[in-house]
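Engineer: In order, the protein sequence lines correspond to chains A and B.
Quick note on this note's numbering: the first sequence kicks off at 21 and runs consecutively.
Quick note on this note's numbering: the second sequence kicks off at 21 and runs consecutively.
Hints listed in this document are in silico derivations from the structure and should not be mistaken for laboratory results.
Heads up, some of the hints might be wrong.
For chains that are exact copies, the list does not tell them apart, and a pair is met inside one copy or across any two.
[Stated by the list, open to error] Derived EDC-like pairs (lysine to aspartate or glutamate); straight-line CA-CA distance at most 16 Å: (1) Lys-211 with Asp-24; (2) Lys-46 with Glu-421; (3) Lys-242 with Glu-403; (4) Lys-46 with Glu-425; (5) Lys-105 with Glu-507; (6) Lys-265 with Glu-183; (7) Lys-333 with Glu-367; (8) Lys-493 with Asp-190; (9) Lys-333 with Glu-495; (10) Lys-265 with Asp-391; (11) Lys-46 with Glu-397; (12) Lys-428 with Glu-397.
There are 2 protein chains.
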Amino acid sequence: MFNDASTEEIELAMNAAWTAFHAYRKLPLKRRADFMRAIAIELENCGDTLIQTAMTETNLPEARLRGEKARTIFQLNSYAAACEKGEWLGVSIDTAVRDKVPPKPDIRKMLVPVGPVVVFGASNFPFAYSTAGGDTACAFAAGCPVIVKAHPAHIQTSQMVAEAILIAADKCQMPKGIFAHIHGASFETGKTLVTHLYTKAVGFTGSYGGGKQLFDWGNQRKEPIPVFAEMGSVNPVFLLPEKLKTSATEIAQQYAGSITLGVGQFCTNPGLIIGIESEALQLFIQELGAAIQKVIPAPMLHPGIAAAYTKNKANALQQEAVQLVAASAIAVKENEGTPTVASATGETFLNNPVLHQEVFGPYSLVIRCKDMAEMIEVAQQLEGQLTSTLMATDTDITSNEVLVEAVKNICGRFILNSVPTGVEVCLSMHHGGPFPACTDSRFTSVGADGIKRFARPIAFQNWGNQLLPDELKNENPLAIWRTVNNELTKAVV
Amino acid sequence: MFNDASTEEIELAMNAAWTAFHAYRKLPLKRRADFMRAIAIELENCGDTLIQTAMTETNLPEARLRGEKARTIFQLNSYAAACEKGEWLGVSIDTAVRDKVPPKPDIRKMLVPVGPVVVFGASNFPFAYSTAGGDTACAFAAGCPVIVKAHPAHIQTSQMVAEAILIAADKCQMPKGIFAHIHGASFETGKTLVTHLYTKAVGFTGSYGGGKQLFDWGNQRKEPIPVFAEMGSVNPVFLLPEKLKTSATEIAQQYAGSITLGVGQFCTNPGLIIGIESEALQLFIQELGAAIQKVIPAPMLHPGIAAAYTKNKANALQQEAVQLVAASAIAVKENEGTPTVASATGETFLNNPVLHQEVFGPYSLVIRCKDMAEMIEVAQQLEGQLTSTLMATDTDITSNEVLVEAVKNICGRFILNSVPTGVEVCLSMHHGGPFPACTDSRFTSVGADGIKRFARPIAFQNWGNQLLPDELKNENPLAIWRTVNNELTKAVV
Numbered sequence: 021m022f023n024d025a026s027t028e029e030i031e032l033a034m035n036a037a038w039t040a041f042h043a044y045r046k047l048p049l050k051r052r053a054d055f056m057r058a059i060a061i062e063l064e065n066c067g068d069t070l071i072q073t074a075m076t077e078t079n080l081p082e083a084r085l086r087g088e089k090a091r092t093i094f095q096l097n098s099y100a101a102a103c104e105k106g107e108w109l110g111v112s113i114d115t116a117v118r119d120k121v122p123p124k125p126d127i128r129k130m131l132v133p134v135g136p137v138v139v140f141g142a143s144n145f146p147f148a149y150s151t152a153g154g155d156t157a158c159a160f161a162a163g164c165p166v167i168v169k170a171h172p173a174h175i176q177t178s179q180m181v182a183e184a185i186l187i188a189a190d191k192c193q194m195p196k197g198i199f200a201h202i203h204g205a206s207f208e209t210g211k212t213l214v215t216h217l218y219t220k221a222v223g224f225t226g227s228y229g230g231g232k233q234l235f236d237w238g239n240q241r242k243e244p245i246p247v248f249a250e251m252g253s254v255n256p257v258f259l260l261p262e263k264l265k266t267s268a269t270e271i272a273q274q275y276a277g278s279i280t281l282g283v284g285q286f287c288t289n290p291g292l293i294i295g296i297e298s299e300a301l302q303l304f305i306q307e308l309g310a311a312i313q314k315v316i317p318a319p320m321l322h323p324g325i326a327a328a329y330t331k332n333k334a335n336a337l338q339q340e341a342v343q344l345v346a347a348s349a350i351a352v353k354e355n356e357g358t359p360t361v362a363s364a365t366g367e368t369f370l371n372n373p374v375l376h377q378e379v380f381g382p383y384s385l386v387i388r389c390k391d392m393a394e395m396i397e398v399a400q401q402l403e404g405q406l407t408s409t410l411m412a413t414d415t416d417i418t419s420n421e422v423l424v425e426a427v428k429n430i431c432g433r434f435i436l437n438s439v440p441t442g443v444e445v446c447l448s449m450h451h452g453g454p455f456p457a458c459t460d461s462r463f464t465s466v467g468a469d470g471i472k473r474f475a476r477p478i479a480f481q482n483w484g485n486q487l488l489p490d491e492l493k494n495e496n497p498l499a500i501w502r503t504v505n506n507e508l509t510k511a512v513v
Numbered sequence: 021m022f023n024d025a026s027t028e029e030i031e032l033a034m035n036a037a038w039t040a041f042h043a044y045r046k047l048p049l050k051r052r053a054d055f056m057r058a059i060a061i062e063l064e065n066c067g068d069t070l071i072q073t074a075m076t077e078t079n080l081p082e083a084r085l086r087g088e089k090a091r092t093i094f095q096l097n098s099y100a101a102a103c104e105k106g107e108w109l110g111v112s113i114d115t116a117v118r119d120k121v122p123p124k125p126d127i128r129k130m131l132v133p134v135g136p137v138v139v140f141g142a143s144n145f146p147f148a149y150s151t152a153g154g155d156t157a158c159a160f161a162a163g164c165p166v167i168v169k170a171h172p173a174h175i176q177t178s179q180m181v182a183e184a185i186l187i188a189a190d191k192c193q194m195p196k197g198i199f200a201h202i203h204g205a206s207f208e209t210g211k212t213l214v215t216h217l218y219t220k221a222v223g224f225t226g227s228y229g230g231g232k233q234l235f236d237w238g239n240q241r242k243e244p245i246p247v248f249a250e251m252g253s254v255n256p257v258f259l260l261p262e263k264l265k266t267s268a269t270e271i272a273q274q275y276a277g278s279i280t281l282g283v284g285q286f287c288t289n290p291g292l293i294i295g296i297e298s299e300a301l302q303l304f305i306q307e308l309g310a311a312i313q314k315v316i317p318a319p320m321l322h323p324g325i326a327a328a329y330t331k332n333k334a335n336a337l338q339q340e341a342v343q344l345v346a347a348s349a350i351a352v353k354e355n356e357g358t359p360t361v362a363s364a365t366g367e368t369f370l371n372n373p374v375l376h377q378e379v380f381g382p383y384s385l386v387i388r389c390k391d392m393a394e395m396i397e398v399a400q401q402l403e404g405q406l407t408s409t410l411m412a413t414d415t416d417i418t419s420n421e422v423l424v425e426a427v428k429n430i431c432g433r434f435i436l437n438s439v440p441t442g443v444e445v446c447l448s449m450h451h452g453g454p455f456p457a458c459t460d461s462r463f464t465s466v467g468a469d470g471i472k473r474f475a476r477p478i479a480f481q482n483w484g485n486q487l488l489p490d491e492l493k494n495e496n497p498l499a500i501w502r503t504v505n506n507e508l509t510k511a512v513v
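Just chain A, same shape as in the assembly (with noise of 0.2 Å):
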């Protein structure tokens, strides 16, 4: 329906990205926040038919489309808010002091965008990590222009959202070329567009394999650039022994109903439930058995993700002494997925590493753990993650640090008595972790915060004040929060 760019299309593209880069970023930052709450409103005002368009092509049910539309247009407006605060761009002034030996100059630092950004749409949120996603909304308030390459599932949803962006732009007198969309389902598009001369940064959200080639891509440039990947992971949950004694029949409703959530295609999925061999584990499996038979099946967002699903959750199930608890006694049609839930023991676990590897759908392998002992040694064997919950009471914590710590180390996101699915938009969220959650630990991709990924600082050393940015003027005429000579304020300087 829509042909890959050509490689001329895609240089257009980038050169007059490289040249809006320069007008963009000279723009205050109400005018970056006014571009994106005029995107918010070209986006409600694309309507049904946009809620349609994406029911289509990604099997997503309406509520859940609706309410990710909603979350997106939140985004832009929660993004767009923070951008104008200016807290994130980190002001900091040292202002002179003549009489040192030598003598100290004037320094000022604020954060500064890096240049053209390549956002590549996720298949599992066409709106919320897509076209005008979160990756593009931190761009834009970043002061970067974004070139987005379309995701091949959602084409049609993503060229309406792209359309949307550039009525925003023209509305709001935006440099030509501050946004474009490409379409290209082949692995050379996503390669010239990283390789890039004029692509200074890339963001992604998607599976291992994608995120790690970009992440190649972008290292072996001549001039390196970051590459934001989100990669998603297996989301352990450790079932501690005391509150697993008291709730195992509560905590299999909640995970029932967590593995299965939009047929198990997020990010936050729990894949991987950890618990010691007890009684209370045998009920707590018994009952996740019986809740998952119960579960519905429902379609995946397209036919590659459900073959994926039947072939990784297959090839997990044959491993050697890998039984499976449960799945779904309702038949799947096409594209759907069965609801699946498997065990196996600590040391089988421990010594196979496939069973670490995420199974993308509505599955989740439970581990029997002999001991403590064997449950902390699993905690430290597992590689980063987006998230690790923690199913305790306060004793359970407080009497277990080692395994508290090991669950730790391992996440962007520490979560207690309750569920990883379920990404709340916030400035104190944190939606990454160590790889191969992601590809650069210290940094999110959900939150104001992530605007950080698209900026770096600049010290200007010696201006007159009459000469500097906005932000960094003594009269602060913006109002921000800065660190002057070490202490944070809103005064004059």
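Use these hints to put chain B onto chain A, whose structure you have.
Structural biologist: Quick look at chain B alone, frame taken from chain A:
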């Protein structure tokens, strides 16, 4: 004198660091800060022997080394103060909103250390960017154990500083393994350290070749790790027309000093000076040449650096259409570098990438552009730089916006009417810049914000107040600035 560390010794050090990490990261900020201050005291206690050892090993003069030692002590103390103050933790709290649909959970975010950090000492800063230098101080502040690879050019100095750190660690009852000192002149020692499973970040100051190699090793690991390499640059200085017209002689004097300061062995040495053909530029070149002729040569850090300077300078001077302006008229002794200035047209420079490369030492190339358009082209073609400098009147700045923006876009520190040599240690300093000045332009290696290189955020979701770290507790027992529901405050929650 010291043998290269064996694989077994490195393995022991890394295992000890990993064990220490689990204890050290739980220590309160105050304990970390006390440890850093104790190192400063032990460095002071090393007394004159340390200075004399460094003089023998580096050829640097006593006054410079005393100054650098004082700077190193200042770094340790000021980063300790910043560590304790806790603003760098970026604490953010979003309290629960139970009646939201779905309910908003309580989420609280702060930075936590990444793990053991390998630090490579710099040849040109035996104290401030070596064993107990900026990278080590930042890593300790972040909560990370440190493994220093001693620079082969000053191993005795490094050994003495390492012993001071170990005494401080002992006095402060730090976990065993918090610090290790590894000798090794070979390629393999560095590679073993960077690729070790327990190494979680790398700090480096030195050449492009060395830094890029570490960066590649870091990225090629199964679990890639951040490698922060500060690799120097040519630090272009742009002479704008109006300023040059009135101040050619004065600027020439100022820059003769900056080019030859410390025998040109600073990463911020001005290696490129760009002006527009005019009588004023001719006067500037003539005066700079006259001043350079009078500079007394001095010994460089070690024979390797002196040999490289002679070779790289000869190569630059042999390039087509490059003219020697002047060299020191005083004969050089062994290991000394002759202060030298050359000149070429803008066209010559634009067409010869060799002239864009740093010649580490007391050398600078003056570029004579035919007009402002060509000066802009030079700025646009330059690679990433630690610093860029404008020598300009206010009118020069306001009437040459395209140039100013182009120059700003390539640098980490943007200086007006001063010299790039001399890097103030303060929070507002940014010592970094786009590649190839350093491997990640989003971080600094000077100033307390350098701590953030070695830390990552973690979000606690749904934790009870009593179980949270002190930094995140409602009562704010550490009295740090925190963003609570999007507002900066020191108040209790």
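Engineer: Each hint: holds or not?
Structural biologist: These are the hints, each one checked on the structure:
no.	hint	in the structure
1	Lys-211 with Asp-24	within (13 Å within a copy, 42 Å between copies)
2	Lys-46 with Glu-421	between (50 Å within a copy, 11 Å between copies)
3	Lys-242 with Glu-403	between (30 Å within a copy, 11 Å between copies)
4	Lys-46 with Glu-425	between (45 Å within a copy, 9 Å between copies)
5	Lys-105 with Glu-507	between (18 Å within a copy, 10 Å between copies)
6	Lys-265 with Glu-183	neither (55 Å within a copy, 52 Å between copies)
7	Lys-333 with Glu-367	neither (20 Å within a copy, 62 Å between copies)
8	Lys-493 with Asp-190	neither (31 Å within a copy, 47 Å between copies)
9	Lys-333 with Glu-495	neither (61 Å within a copy, 47 Å between copies)
10	Lys-265 with Asp-391	within (15 Å within a copy, 80 Å between copies)
11	Lys-46 with Glu-397	neither (52 Å within a copy, 20 Å between copies)
12	Lys-428 with Glu-397	within (14 Å within a copy, 50 Å between copies)
Consistency note: the structure conflicts with the earlier hints numbered 6, 7, 8, 9, 11.
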